[in-house]
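**Student:** Put chain H on the given structure of chain L with help from the hints.
In order, the protein sequence lines correspond to chains L and H.
Numbering follows my numbering, with no gaps: position 448 of the first sequence is 520.
Numbering follows my numbering, with no gaps: position 12 of the second sequence is 427.
Check before you lean on any hint, since a few could be wrong.
PhoX-like cross-link-like pairs, simulated, lysine-lysine; straight-line CA separation at most 25 Å [claimed, not checked]:
1) L:544 x L:327
2) L:623 x L:588
3) H:453 x L:279
4) L:407 x L:439
5) L:475 x L:453
6) L:217 x H:454
7) L:407 x L:223
8) L:194 x L:544
9) L:661 x L:680
10) L:217 x L:407
11) L:224 x H:454
12) H:453 x L:224
13) L:444 x L:458
14) L:217 x L:444
15) L:544 x L:661
16) H:425 x L:311
17) L:623 x L:667
18) L:444 x L:471
19) L:465 x L:223
20) L:224 x L:194
21) L:544 x L:458
22) L:465 x L:407
23) L:279 x L:82
24) L:327 x H:538
25) L:588 x L:544
26) L:680 x L:75
27) L:223 x H:425
28) L:311 x H:538
29) H:454 x L:223
30) H:453 x L:223
Calculated from the structure, these hints are not laboratory results.
The lines below spell out each chain.
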Amino acid sequence: MFKYGGYTGKILRVDLSAGTIEVEALAEEMVRDLIGGNGIAARYLYDTVPAGTDPLSPENALILMNGPVQGTRVPAVGGRTVVVTRSPLSGFFIDAYYGGHFGAELKFAGFDGMVITGRAEKPVMLVIEDGDARLVDASPYWGMKTFVFQKKLRSEENYNESEITCIGPAGENLSPMACIISGVHAAGRGGVGAVMGSKQLKAVVAKGSGGIRVPDMEALEDYCDSIVERMQANPATSKVLPTYGTPAIVAANNKLGLLGTRNYQVEVFPNADDIDGEALHNRAFVKSASCFSCPIGCAKLFRMEGEEYGPAESVGPEYETIWSYGSNLANSDLKSLIAADRFSDEMGLDTISAGSVIGMAIEAFEKGLITKADTGGIELKYGDPKLMMELLKQIAANKGFGKVLGAGTREFGRRFNAEELAMETKGLEIPAHSPRGYPGMAIGYATSNRGGSHQDGRPSAERGGAVDRKQKEGKGEYIVDVQRMTTLADCLVACRFTEGIFGLTTISEDYVDIMKHVTGMDYTVEELFDVADRVYALERAFNAREGATRKDDTLPHRVLNEPIPDGPAAGEFMEPAVFEKELDAYYQKRGWDLKTGLPTEETLRRLKLDDVASDLY
Amino acid sequence: MPRLCVDEDKCTDCRICQLVCSARYNGIYSPRLARISKKAGIMPDTTSTDVCQNCNDAPCVAVCPAEALIQPDGEGMVTLDESLCTGCAICVDECPYDAIWFNEETDLAYKCDLCGGSPECEKRCPTEAIYVCGEETV
Numbered sequence: 073m074f075k076y077g078g079y080t081g082k083i084l085r086v087d088l089s090a091g092t093i094e095v096e097a098l099a100e101e102m103v104r105d106l107i108g109g110n111g112i113a114a115r116y117l118y119d120t121v122p123a124g125t126d127p128l129s130p131e132n133a134l135i136l137m138n139g140p141v142q143g144t145r146v147p148a149v150g151g152r153t154v155v156v157t158r159s160p161l162s163g164f165f166i167d168a169y170y171g172g173h174f175g176a177e178l179k180f181a182g183f184d185g186m187v188i189t190g191r192a193e194k195p196v197m198l199v200i201e202d203g204d205a206r207l208v209d210a211s212p213y214w215g216m217k218t219f220v221f222q223k224k225l226r227s228e229e230n231y232n233e234s235e236i237t238c239i240g241p242a243g244e245n246l247s248p249m250a251c252i253i254s255g256v257h258a259a260g261r262g263g264v265g266a267v268m269g270s271k272q273l274k275a276v277v278a279k280g281s282g283g284i285r286v287p288d289m290e291a292l293e294d295y296c297d298s299i300v301e302r303m304q305a306n307p308a309t310s311k312v313l314p315t316y317g318t319p320a321i322v323a324a325n326n327k328l329g330l331l332g333t334r335n336y337q338v339e340v341f342p343n344a345d346d347i348d349g350e351a352l353h354n355r356a357f358v359k360s361a362s363c364f365s366c367p368i369g370c371a372k373l374f375r376m377e378g379e380e381y382g383p384a385e386s387v388g389p390e391y392e393t394i395w396s397y398g399s400n401l402a403n404s405d406l407k408s409l410i411a412a413d414r415f416s417d418e419m420g421l422d423t424i425s426a427g428s429v430i431g432m433a434i435e436a437f438e439k440g441l442i443t444k445a446d447t448g449g450i451e452l453k454y455g456d457p458k459l460m461m462e463l464l465k466q467i468a469a470n471k472g473f474g475k476v477l478g479a480g481t482r483e484f485g486r487r488f489n490a491e492e493l494a495m496e497t498k499g500l501e502i503p504a505h506s507p508r509g510y511p512g513m514a515i516g517y518a519t520s521n522r523g524g525s526h527q528d529g530r531p532s533a534e535r536g537g538a539v540d541r542k543q544k545e546g547k548g549e550y551i552v553d554v555q556r557m558t559t560l561a562d563c564l565v566a567c568r569f570t571e572g573i574f575g576l577t578t579i580s581e582d583y584v585d586i587m588k589h590v591t592g593m594d595y596t597v598e599e600l601f602d603v604a605d606r607v608y609a610l611e612r613a614f615n616a617r618e619g620a621t622r623k624d625d626t627l628p629h630r631v632l633n634e635p636i637p638d639g640p641a642a643g644e645f646m647e648p649a650v651f652e653k654e655l656d657a658y659y660q661k662r663g664w665d666l667k668t669g670l671p672t673e674e675t676l677r678r679l680k681l682d683d684v685a686s687d688l689y
Numbered sequence: 416m417p418r419l420c421v422d423e424d425k426c427t428d429c430r431i432c433q434l435v436c437s438a439r440y441n442g443i444y445s446p447r448l449a450r451i452s453k454k455a456g457i458m459p460d461t462t463s464t465d466v467c468q469n470c471n472d473a474p475c476v477a478v479c480p481a482e483a484l485i486q487p488d489g490e491g492m493v494t495l496d497e498s499l500c501t502g503c504a505i506c507v508d509e510c511p512y513d514a515i516w517f518n519e520e521t522d523l524a525y526k527c528d529l530c531g532g533s534p535e536c537e538k539r540c541p542t543e544a545i546y547v548c549g550e551e552t553v
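One chain only, chain L, in its complex shape:
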């Protein structure tokens, strides 16, 4: 039995080229230093994938990890999984997370994670069951959409109680915007689905009858009860999210004048009422759903009659998708948003990046930077849900103009001399939280190791008023502590909706308590800061090997040069001089070099990353 509670102490090493599977013991020191999830996966990636590895080559690693808390009742963390790999979209480190039940089931099946390399000769799926794993021919399933596939597999006796993680046609077609789907949940960002597709790996399937031991069950159960009480006392986790889910954010941001519209050309969407949380709740709500162990139940099944855009039944759209396929495309057709969300899940497509690049392409078309000669004869315009559906199909097919779009906004900008329209950092599209209106979030985007993600820096404290939204001074240092919190939460593979409970802006004592109750390990908050800093430095070192420097910690042209033109937030943007000053403060606080934007040798050695220090210096 593993020394610490919560873990199985076992990792699968799968080489799809050789067709071999080995069980590797999880090193205790690694657990102590990196905890799990994001942290341990980052270490495996750094050690497994050499600099310059083609993300879609057999040499890239696809790493799936849970953490110590998966499978326990610690609220809102129990079922999640992280996918880590080198992104085919950005070329940098990517960590993508998904909820549901898989992370728990993997634990019950006996594993803390897996490192998958190589490429199978024909489509396979990795089947994990009670301490064993095997590769099974998946040729009959190749080409299936994700829900069709999961339903088909679940109808077979061997798999009727299994949790499934899979790709759809977008991943099989190697679209750099392909995601990974489990149930109705997506590991959305950075093209992780294309990496899985490049390995000819249709699915990872887990089933387990095992149990998770903790040092003192009664104490942990009492602790879980206390967290639930705090969730019940918090309006976000007791009312807003259970009732509306994330679509509640649409109205909040639009009211602030910070709802990206028409590729962030403007930030007020006049038709927001047609697509906000109230509209979805009143016109389409069917039922709530939860991830494993979560009392919040933020997932919403929405359904509308009529199939002019395909089936309008989906768990979602979430806020991000309402932005990317809605206001960002000036599309107020609610049914089309539900249908497009469903279509994207079925094909396995990241709705954030797909909506962002479509929004950019339409702007480029309107400005004459591209013409019908570039689009395969299609006229691009905002407010056209049928056009949106057509372009999503083309992106998922990864052909023709769809392939041009699927390469992402950075590539699209380079190709058509439209870089000033690209809303990305490090090649990953910025999502639905205004970088012009949320300056802390903006620095979070710029310094995120995965690029334009709202999951490293966070918008929540600025949006909710816990910190002064408009203040820019000090936000560089501020976002370091936010990122420390998110990085640690990612090591636990905890949902972001715990942030209102455990703390929005830094690592709190709650994480000490969780680690003690679940694993028996005694950390101080300061030691947890070190874990988070170690993990973030590892990710940064991975990017450094791929050529990343301070120049990559930047923001889109629009954010740095074009103030929001009108609405309640008119005039807001990130002045370059302010940004550079805050970036300096950010690096300073992290112990990183101001010129290179990389951890100094001293910092790496302080974080016990001597081998990384030797690699970089």
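**Tutor:** Chain H alone, transformed into the frame defined by chain L:
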């Protein structure tokens, strides 16, 4: 007959019922050892529950060769006396609701006994989807 009822419209498939059940009875988190079984398809409106219905003249009681399953006067709650259970698992096959299971580690059957009257799962269900129902309360 007192039993657990589940309003599937309210069930979010969070499995907290199974977690608190296995925590209480097994000292570990293990949904498959829980005395309540949840299943769901891909979409959330496909949840279903298997749990003891405390049938009148319960068939599991009738087939138990060890008289380990007890239901006085053929009605009310069916309880399992683990000290008498021989692990033959005949009851598992006989249950019309698939609500008795077999623990291979202990070689014993297991089923819901409503926690003796105040079920952990009912207390902890975040949406109040689980409740004790039936003509009598325990």
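**Student:** Indicate, hint by hint, whether the structure satisfies it.
**Tutor:** Verification of the hints:
1. In summary, the hint linking residue 544 of chain L to residue 327 of chain L is supported, as the alpha carbons are separated by about 21 Å, within the 25 Å threshold.
2. Between residue 623 of chain L and residue 588 of chain L the CA atoms are separated by roughly 40 Å; this puts the pair beyond 25 Å, and the hint is violated.
3. Only pairs whose Cα atoms come within 25 Å are accepted, and residue 453 of chain H paired with residue 279 of chain L is accepted, the gap being roughly 14 Å.
4. Proximity of residue 407 of chain L to residue 439 of chain L is assessed by CA-CA distance (about 29 Å); at most 25 Å being required, the pair is judged violated.
5. Distance check on the hinted pair: residue 475 of chain L and residue 453 of chain L sit about 19 Å apart at the alpha-carbon level, within 25 Å; holds.
6. Between residue 217 of chain L and residue 454 of chain H the CA atoms are separated by roughly 22 Å; this keeps the pair inside 25 Å, and the hint holds.
7. Taken as a hint, the residue 407 of chain L and residue 223 of chain L pair is honoured in the structure, with Cα atoms around 24 Å apart against an allowance of 25 Å.
8. About 53 Å separates the Cα atoms of residue 194 of chain L and residue 544 of chain L, which puts this hinted pair outside 25 Å; it is violated.
9. Of the pairs offered as hints, the one joining residue 661 of chain L and residue 680 of chain L holds, with about 18 Å between alpha carbons and a cut-off of 25 Å not exceeded.
10. A distance of roughly 21 Å separates the Cα atoms of residue 217 of chain L and residue 407 of chain L; the hinted pair therefore holds under the 25 Å criterion.
11. Among the hinted pairs, residue 224 of chain L with residue 454 of chain H is consistent with the structure: their alpha-carbon atoms are about 16 Å apart, no more than 25 Å.
12. Between residue 453 of chain H and residue 224 of chain L the alpha-carbon distance is near 20 Å, which keeps this suggested pair within the 25 Å criterion.
13. Restraint check for residue 444 of chain L and residue 458 of chain L: satisfied, since their Cα atoms lie roughly 17 Å apart, inside the 25 Å limit.
14. This hinted pair does not check out: residue 217 of chain L and residue 444 of chain L have alpha carbons roughly 30 Å apart, beyond 25 Å.
15. At most 25 Å may separate the alpha-carbon atoms for a hinted pair to count; residue 544 of chain L and residue 661 of chain L meet this at roughly 16 Å.
16. Under the criterion of a C-alpha separation no larger than 25 Å, the hint pairing residue 425 of chain H with residue 311 of chain L is consistent with the structure, at around 15 Å.
17. Under the criterion of a C-alpha separation no larger than 25 Å, the hint pairing residue 623 of chain L with residue 667 of chain L is consistent with the structure, at around 9 Å.
18. Under the criterion of a C-alpha separation no larger than 25 Å, the hint pairing residue 444 of chain L with residue 471 of chain L is consistent with the structure, at around 16 Å.
19. Of the pairs offered as hints, the one joining residue 465 of chain L and residue 223 of chain L holds, with about 22 Å between alpha carbons and a cut-off of 25 Å not exceeded.
20. With a C-alpha separation of about 20 Å, the suggested pair residue 224 of chain L and residue 194 of chain L falls inside the 25 Å cut-off, and the hint holds.
21. Straight-line distance between C-alpha atoms of residue 544 of chain L and residue 458 of chain L comes to about 40 Å, which puts the hinted pair past the 25 Å bound.
22. Between residue 465 of chain L and residue 407 of chain L the alpha-carbon distance is near 17 Å, which keeps this suggested pair within the 25 Å criterion.
23. For the hint linking residue 279 of chain L to residue 82 of chain L, the alpha-carbon distance of about 15 Å falls within 25 Å, and the restraint holds.
24. Under the criterion of a C-alpha separation no larger than 25 Å, the hint pairing residue 327 of chain L with residue 538 of chain H is inconsistent with the structure, at around 39 Å.
25. For the hint linking residue 588 of chain L to residue 544 of chain L, the alpha-carbon distance of about 37 Å lies beyond 25 Å, and the restraint is violated.
26. With a CA separation close to 22 Å, the supplied pair residue 680 of chain L and residue 75 of chain L stays within the 25 Å bound.
27. For a cut-off of 25 Å, the pair hint linking residue 223 of chain L to residue 425 of chain H stands: about 23 Å separates their Cα positions.
28. Note on residue 311 of chain L and residue 538 of chain H: the hinted pairing holds, with a Cα-Cα distance of about 19 Å set against a maximum of 25 Å.
29. Distance hint between residue 454 of chain H and residue 223 of chain L is fulfilled; the C-alpha atoms sit about 13 Å from each other, no more than 25 Å.
30. For the proposed pair residue 453 of chain H and residue 223 of chain L, the alpha carbon gap of about 17 Å is at most 25 Å, so the pair holds.
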